[in-house]
Amino acid sequence: MEFLVGHYNYWVVVFLMMLGFYVVISRTHMVKVLVGLSVFQTSVFIFYISLGKIRGGTAPILIDGPAVYSNPLTSVLILTAIVVSIATTALGLALVVRINEAYGTVDEEEIDAIERADEAAVLEAR
Amino acid sequence: MTAHLPVLQVVIPLMAAAVCAALRPARVAWAFAVLVSWTVFVIAVLLLREVLAGGTISYEIGGWAAPWGIEYRIDVVNAFVLLIVSTVGAVVLPYAGDSVEREIRRDQIPLFYTAFLLCLTGLLGITITGDVFNVFVFLEISSLSTYTLVAMGRERGALTAAFRYLVMGSVGATFIVIGIGLLYSVTGTLNMVDLGLRLSELTATRTVPVAFAFLTVGISLKLALFPLHLWLPNAYAYAPSAATAFIAATATKVAVYMLLRFFFTVFGATFSFDTMQLGFVLLPLALVAIFSMSLVAIFQVNVKRMLAYSSLAQIGYITLGISIGTVTGLTAGILHLFNHAMMKAALFMALGCVIYRVGSIRIEAFHGLGKRMPLTMAAFVVAGLSLVGVPLTVGFISKWYLILAVLEQGWWPVAALVLFTSLMALVYIWRVVEAAYFHPSPTDEVAAAVREAPLSLLIPTWILVVVNVYFGVDATLTVEVAGRAAEALLGVPR
Amino acid sequence: MTYNIILRIATKVLCPFILIFALYVQFHGDYGPGGGFQAGVILAAAFVLYALVYGLENCRRVLPPQVVYACMALGVLIYAGTGVVSVLLGADFLDYNVLAHGDPIHGQHRGIFWVELGVITTVFGTMVSIFYAIAGRKGLN
Amino acid sequence: MSPVTAVVLAIVVPLVGAVAIGLMGEERANLRETATLVSAAIVFGLVLTLTPQIAGGARPELVLGEPLPGLPIAFEVEPLGLIFSLVASSLWIVTSIYSIGYMRGHHEENQTRFYIFFAIAISAVMGVAFAGNLFTLFVFYEVLTLSTFPLVTHHGTEAAKRGGRVYLGLLLATSIFLFLPAVIWTWYVAGTLDFVPGGILDGVLSPAAATILLGLFVFGIGKAAVMPVHRWLPAAMVAPTPVSALLHAVAVVKAGVFAILKISVYIFGTTFLQDVGASQIFAYVAGATILLASLVAFTKDNLKARLAYSTIGQLSYIVLGAMLANSYGIVGGAMHIVMHAFGKITLFFGAGAILVAAHRTQVSQLDGIGRMMPVTMAAFLIGALSITGLPPTGGTWSKWYLALGTLEAGEPILLAVLMLSSLLNIGYLLVIPARAFFAPADPELLAHPVREAPMPILIAMVITASVSIGLFFFPDPLFDLVRMVVES
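Chains as they are written, first to last, in our numbering: chain A, 1 to 126; chain B, 1 to 494; chain C, 1 to 141; chain D, 1 to 488.
Watch out, some of these pointers could steer you wrong.
Covered stretches of chain B (in silico footprint by chain C; criterion: 3 or more residues with CB under 8 Å from a CB of chain C, positions within the stretch not fixed) [claimed, not checked]:
1. 17–24
2. 55–61
Anything over 10 Å on all C-beta distances counts as not near chain A; from chain B, calculated [said to hold, decoys possible]:
3. Ala-3
4. Glu-140
5. Pro-284
6. Ser-292
7. Val-296
8. Arg-357
9. Val-381
10. Val-450
Calculated directly from the structure, the hints in this document are not laboratory data.
From the three backbone atoms N, C-alpha and C, an ideal C-beta is built for every residue, glycine too.
Model the full assembly from the supplied sequences, consistent with the hints where possible.
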C-alpha cells in the first residue's frame, strides 16, 4: 500500500504515458494521433516537475532565514520541453491542415489507399 | 577569438538562420547560407586540429562552472562528428542553390535555408554539448527543422512522410527525455562527465537500467535502427534532393554519436556491455538490418527510396561495429560514420542532378542517362562502388576494419554476412548502372532535351566523389582519428 | 461575431490590460515568477483574442504578418546577440557579469533583461504566426 | 633511368595514354590509334629496361602511399612479376595492332571507349605484376575487374549485358566473398601482407587452417577460373575478339593464375605448403578442372566458346603447377603463363580474323577455309600446337616441367591427367586447322569465297605465332628468370 500511495505521482505519470502512447499507435486519424502525442509528452512534464517538488518546499526565491526549496531546475527544463512540445504540435497541426488540402482526408489508412491507387495508376500507364 | 570557437560553431548558424528568414530574393539567402556553412566548416576544422594537438576542450556557457552550468566539451569523438556534419553542410549548400529552385516554391526558398541552417545548428549542438538536457533541446531543433525540410518536397507524399516522421521522432525524443529525467533523479546532475562519474558509483539501483532502456530505444528511433526504421524511407524519398543529401549524411550519424556518448561516456562501457549485455541486443538487430534492408533495397523502383533502404543497411554496419564493443569495432563504426556520410551524400546529390534534368528518379527514368548525363552517372557509379566497398574507395576501408573487428571475435558467419551484403549492394547499384548504360534512351522529345546537369550541381557532387576516392587511397587521417576516438570512448590509454 | 456588441466592447476593454499584464510578467521576471515565455504567450493571446472578435483581416492590418515573422527572427538575434556581446567583451558566451562595466550584479540584470526581451519577441512572434498560418488558410473560415 | 622510375612509369604511362586517347576521340581516329601504340611501345620499353637489372638480382622497391596504417600500396619487382609484365606489355602492342584492323574491319562503335578501358586495364595489370604486397595486388586485381567490364559489354546488346552481369558478378563476388576475407585473415594471423620469399605463414597456421585459407585464395581468385568458378569466362565471350584475346590470353586470366603462383610462393612458401600438405587437394581440383574443361570444349561448336573452355583447362595447368609446390611445378607453371599467353592469343586472333574476313563463328563452318586464309590458319595451327605442348613450339617446355613436377611430387594420377588432357587437346584444337586445310570445302564457302583478313590482323598473328616457335628454340632467358623464383 505504501508502495502504491507513496509513489502516486508515478502512477499518474505512467497512466498518462500509456494512455497517450496507446492513442498514438492505435489511431489512424492524424489529429487524434497528435492529441495522443501531446498527452504522452505532458506525462513526462508531470514526471519532471514532481521529481523536483519537495512537500512543503517553497519557490526558490531568496528569503531571510533557512527554508526548504523545491528544485527549480526541473521546472526550468520542462519549460523548455513545453516549448518544444508546442512547436511540435503546431508543426504537426500545420502538416495535418496541408495534408487535408492535398488528400481531402486526414485518415492515415485512407491516405495509404490513395497512395496505392496512385502507384497502381503509374504502373498501369507504362 | 579562438577560445570561443566552440560556441561560435553553434551560434553562428543559429543567428544566420534567423537572418536568413528575412533575406530576399532567394539567391541572397542562398549565398548567405553558403557563406555561413563555410564558416562553420572552417571552425570545425580548427576545432579538430586543436583537439588533436591539445586534447579535450571545455567551454562553459555563461561562465558557470562545469557540473552546474552548461558545458560544451569537445574531444576527438565529437570533433570528428562536427567535421562530418559541417563538411556535408558546406558541400550540400552550394549545391542546393540550383537544385532547390527547381524543386521548391519560390517564396518558400528562404524558409528552406532557414530550416536548413537550423537543422545544421541542431546537429552541431547535439554533437558539441556536454549537457544531456541540452542534447534534447538541440535534438528537437534539428528534428523540427528536418520535419519542415521533408515537408517541402514536391509531391504530396512528402506531407504524410513528414507527419509520420514527426510522430515517430517526437516519441523517440520523449523517450530520451524520460531517460534523462530518470538519470537526473538518481544523480542530480546533467553534465555528461559528471553523470559518468556518479553512475559508476551507483550499482544496485533499478532506475539506471530503466533509464538506459529508455535512452536506447529513444536514440534507436532517431537512428532508424531496425525495427524502428519505418519513418526513414519515405522521409528520404520525398524530401527535396538537397535536404535528403544533407539529412541522410548527417542526421543518423549524429544519432549514432548520441548512442556512443550515452553508452560509453555516461553509462560507461562496463555497464553498457557487461551489465546490460548491450552487444547481444544490438548485434542481432544490426545483422537483421544489414541483411533485410539490403534485400528490400534490391526491389525498389524508386531509386531514392532504394538508397534510403541502403542507408538503413549501412546504419546496421555502423551499429554492428559498435555492438562488438572493442577498439577495432568502434574504430570501424566511427570510420564508417564518416565514410558512409561521404558516399551517401554523393549518391543523393547525383540523384538530385537527375531530378534536376529528368524530373523523376524511378528506375526507368535512368534509361540512357549514361550517354546524356555522363558526368552525373560517373559520379553515381564511383560513389556506388564505394558503397559496395570496392578497393580505392572509402567503402573498402570501412569494410576492411569491420571484418577485421569481426574476425578478432572469431565470428566467421558475421564476416560472411557482411561480405554477402556487399554483394547485395552491388546488385542494387548495378540495377541503376544497367539502366543508365545499357538501356537505350527513350526517344520522345522530353528525353531528347535531357542534358548534363549544370556545373553548380556537378562540382559539389564531384568534390564528394573525390573525397570518396581520396580517403580510400589514403585513409591515414580518418583511420587515425577514428582510432583515437574509439580509444577515447573506451578509456584506453594511448 | 461582427454584431455581438458585448464581446466587442469587452475585448476592447480587455486588450490593453492583457498587454500591460504581459509587460508586467515580462519585467517582473527578474524578481518573481514570470519571464519571457509566459509574457510572450500572454502578449500573443491579446492579438488572438482581437482577431477572434474583430476578424483576422483587421488583426492583420494591426499586426502585419511580415512584422510577426520579423519578430521571430529578431528575438533569436537579440538572445544570441547578447551572448555575442559578452564574448566581444572578453568573457564566455552569455556571461552577463561583464555587461555592465565592473559591476557583475548589474551586469546580470542587464543580461537577463536582454535575453528575456529576445525570448518574448520570439515567443510572441511564433505564437501569432502559428495562429495566422492555421487560421488564415482558405476553406477553413 | 632508375628502375623505380621505370616501375612507376609502366603503371602511369597507360593511364596517360588513356587520357590522350580520350582527348583524340572518334574524330581523330588515326592520332588516337597512334597514342595507343606509342604508349604500348613505351611501356614495353620500360619493362625491357628493367629486365637485365632483375636478372642481375636487383629488386627495386617503392611505396606509393598508405591507405590503411601498416598496409602500403607498395611495388616490388621480382622475376615472376617481370615475366608477367613482359608478356602483358608486349602483347598489348600486338593486340593494339590487331585491334586496329579488327575494330575498323568490323565497324565497331564506341572505339574510343574501347581503347581507353583497354589502356586502363593494362595499367591495372602492371599494378598486379609489380605489386609488392598482397594488399596492392588485391587492389589492382579489383581495378582490373572493373576496367574490363566495359570491354566485355562493349556491344551493349542484351546478350552482352547478360554476359557482363555474369562476368562482373562472379569475379566481384568471389573476390569480395572469398579473396578479401582470405587477405584479411592472412593480415590478421601474419601481421603483414608483404611478399617474402619463403612465405609469411610458416608457423602461424595449423595445417587445417592453412588448407582452408589456401582454398579461399584458390577459389577467391576467380580470374584463375578453377572450376566451379569458371563460368565468367565463357560468359565473357560476348566481347569483341581483341578483348577476348586480352582477357583470355593476357590480362585477366593471367592476373588470376599469376596471383595464385605468387601467393603460393611468397605468402605460403613452397616448403610450408609441402610440409602441411595443404595444397594437395587443390592440385586434384585443378586436375579435375583440366579434364572437365577439355571434355566440355569438345562439345562446343562455337569457336570462341571452345577456346574459352580450352583456356579454363590451360589455366588449371598453371594452378596445378603452383599447387604441386615443388620447384619443377613452379617453373612449369610460370613458363606456362608465357607459353599459353602467346599460343592462346594467336588462336583468338585467328578466331577474330575468321569472323572479320568470313563472318563465321562455328567450328563446323570452317571446313576448307584454310585454303582461302592460309596465313591465318597456319598461325592457328602453331597456336594450337603450342597449347597442346608439341614441338616445335614453346608449350613443349612448360608441359615438360609440369610433368616433371607431378613426378617429383609423387602424383602419377596427375601425370596421367596431363597426358590425357594433351590427347584431348589434339582432339578439339588441332582438328580445327586440320579440317580447315584438308577437309572438303563447305559448299556455301565455295559459293561465296572469302579472302585473307586485313593486314594488321595478319601481322599481329604472325608475330605471336613466331614468338611461340621462338620460345621453343630459345627458352633459356625465360628459364633463367623463372629459376630465380624457385631458388630465392
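Consistency of the hints with the structure:
1. Only residues whose beta carbon comes within less than 8 Å of a beta carbon in chain C count, and the stretch 17–24 of chain B has 5; three or more means the coverage holds.
2. Residue count for the stretch 55–61 of chain B with a Cβ under 8 Å from a Cβ of chain C: 3. That meets the three needed, and the coverage hint holds.
3. The non-interface label for Ala-3 of chain B is consistent with chain A: the shortest C-beta to C-beta separation is roughly 27 Å, beyond 10 Å.
4. Chain A draws Glu-140 of chain B into its interface by the beta-carbon criterion, the shortest separation being 4 Å against a cut-off of 10 Å.
5. The Cβ of Pro-284 of chain B sits about 24 Å from the closest Cβ of chain A, beyond the 10 Å cut-off, so the non-interface label holds.
6. Every C-beta of chain A lies more than 10 Å from that of Ser-292 of chain B, the closest at about 22 Å, which supports listing it as non-interface.
7. The claim that Val-296 of chain B lies off the interface holds: its Cβ sits roughly 16 Å from the closest Cβ of chain A, which is beyond the 10 Å cut-off.
8. Non-interface status of Arg-357 of chain B relative to chain A is upheld: no Cβ of that chain comes within 10 Å, the nearest being about 20 Å off.
9. Every C-beta of chain A lies more than 10 Å from that of Val-381 of chain B, the closest at about 26 Å, which supports listing it as non-interface.
10. Distance to chain A confirms Val-450 of chain B as a non-interface residue, since its nearest Cβ pair spans about 19 Å, more than 10 Å.
The structure is inconsistent with hint 4 alone, although it conforms to all the rest.
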